[in-house]
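**Q** For reference, the chains in residue letters:
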Amino acid sequence: MKSFFTLLYKDLLCEFRTKHAIYSLLVFVLTTVLVLLFSILDKDFSVELISSLFWIVSFFSTMTGLSRSFVLEEEKHTIMFLRLQSSVTNIYLSKLFYTIIGSLIINISITIAFSLFLSGFIIYNYTLFALTILIGSIALSSAATILSAIISRAEFKGLLFPLLSFPIMLPILITSVQLTNITLTNFTFENELNYLQFQLSYSTVLITSSLMFVKYIFEE
Amino acid sequence: MKIIKYLSSLIITLVIISGIAPPIVEFPMHWYQYPIIPGLEDKFRNIFFHVPTAWVSTIAFLVSTYYSFKYLTSKNDLYDIKAESSASIGLLFSLLATVTGALWAKFNWGSFWNWDPRQVSIVFLLIIYFAYFLLRSSIKNEISKNNISAVYNIIAGISSIFFTFILPRMLTGLHPGAKGGKDLGPILGGSISGNIMVTFFVSLLGFTLFYLWLLNLRTRTGILMKELKYD
Chain A
1 MKSFFTLLYK DLLCEFRTKH AIYSLLVFVL TTVLVLLFSI LDKDFSVELI SSLFWIVSFF
61 STMTGLSRSF VLEEEKHTIM FLRLQSSVTN IYLSKLFYTI IGSLIINISI TIAFSLFLSG
121 FIIYNYTLFA LTILIGSIAL SSAATILSAI ISRAEFKGLL FPLLSFPIML PILITSVQLT
181 NITLTNFTFE NELNYLQFQL SYSTVLITSS LMFVKYIFEE
Chain B
221 MKIIKYLSSL IITLVIISGI APPIVEFPMH WYQYPIIPGL EDKFRNIFFH VPTAWVSTIA
281 FLVSTYYSFK YLTSKNDLYD IKAESSASIG LLFSLLATVT GALWAKFNWG SFWNWDPRQV
341 SIVFLLIIYF AYFLLRSSIK NEISKNNISA VYNIIAGISS IFFTFILPRM LTGLHPGAKG
401 GKDLGPILGG SISGNIMVTF FVSLLGFTLF YLWLLNLRTR TGILMKELKY D
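Chains A and B, in that order, are what the protein sequence lines are. My numbering puts the first sequence at residues 1 to 220. My numbering puts the second sequence at residues 221 to 451.
Certain hints may be false.
From the derived model, a few chain A residues whose C-beta atoms are all more than 10 Å from chain B [said to hold, decoys possible]:
| # | residue |
| --- | --- |
| 1 | 30 |
| 2 | 52 |
| 3 | 60 |
| 4 | 217 |
Per the computed footprint, the stretches of chain B lying under chain A, defined by three or more beta-carbons under 8 Å from a beta-carbon of chain A, are [what the hints assert, rightly or not]:
| # | stretch |
| --- | --- |
| 5 | 347 to 360 |
| 6 | 370 to 382 |
| 7 | 385 to 391 |
If you want a taste of the chain B side facing chain A, the calculated C-beta under 10 Å gives, among others [to be verified]:
| # | residue |
| --- | --- |
| 8 | 252 |
| 9 | 253 |
| 10 | 254 |
| 11 | 256 |
| 12 | 292 |
| 13 | 294 |
| 14 | 296 |
| 15 | 340 |
| 16 | 363 |
| 17 | 365 |
Think of the hints as simulated: they come from the structure by calculation, not from any bench. In this text, a Cβ means the ideal position worked out from N, Cα and C, and glycines have one as well.
Can you make the complete structure from the sequences, with help from the hints?
**A** What follows is the structure, given as structure tokens:
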């Protein structure tokens, strides 16, 4: 447990010192929103379009930035030292929490950018929106972390990651879009709990199986 | 295996004949007549081919996940070959299910592609398993290739369960069994005559035996290719 906190602290410290990932991600989010605004100018967006744009931006920024957690270690040849220092399970868990924190930051910044620039983005149900962001981030990160570990050992990393991650993350994206739809409209629905349960169960199963099998990825 | 080969080809031939040949009448009087299913009429004959292919693809993906799990726990190369073979057969059969489903959709729902949740989910299943084969070909080291593709296959198997069984039931769609739909389709709804039922289950059996034979064949060629180092 101690080594897990050490590893997480190391990741956050590295990020805090260089700020490479977080700046590039924030610029990415801002660029996407601005491009959207320039292309539509003052036309109104429908709620469905806004919520799917929200999760498209979130998916691509998660994929480009945070997928690199394991890949960076492999490229810098530091994964060997990490494995000397602690077990693969601990490395996986620290990367998972790092990804969750990063994904939360991304989603919150997308929320801020959207509510600043998009007039149609009005949240009615704040509790549900916060839950959607939180559970959506956890679910996206649970898929991204294990896939990042898999990709780090393969060739053609840049090509393979979107191809592998998109279908695995799609159930999360579909349900997140539905949930965001619900929070952005003023109506009450009865099935929002179903979607949250779906995301929670999906990420639980993914994290459990990752914990079970992640050690085989680094076996030679 | 020879028996399974001949048996499956015999059964599938019989199913093709008994699926296409019998007339559909309003009040069936003889054993060789099918009753009318309102809304489907002649199109229901696709049940004998569309449902079994989807069934076989689901079984093949689950079996592939199982063998990947076995490989990781035992490190026996045979299980890796079996997992790969089963995944490739599953890919073939889900392609067939997509095509038969699209044909059915054309005549029942109006167009080949309707963005029904089940059509979307089968496309993503196809992408998942295409990516599995791409991943296999992009790792050079033999042992880490087997390990990593087995781990990915388990992740893929988990999400294929969510794609096949859970997601299409949560979203509204045209396919039987979608959210808000009244019934589970003509077969699972239980409102169907005996002779359609018999043909349907015999067809399921025939396609399952066909899958077993294909799996055996692919495994044997896989072992031979490994011995010859033909990659």
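**Q** Return the numbers of the hints above that this structure violates; sort them in rising order.
**A** 4, 8, 9, 10, 11, 13, 14
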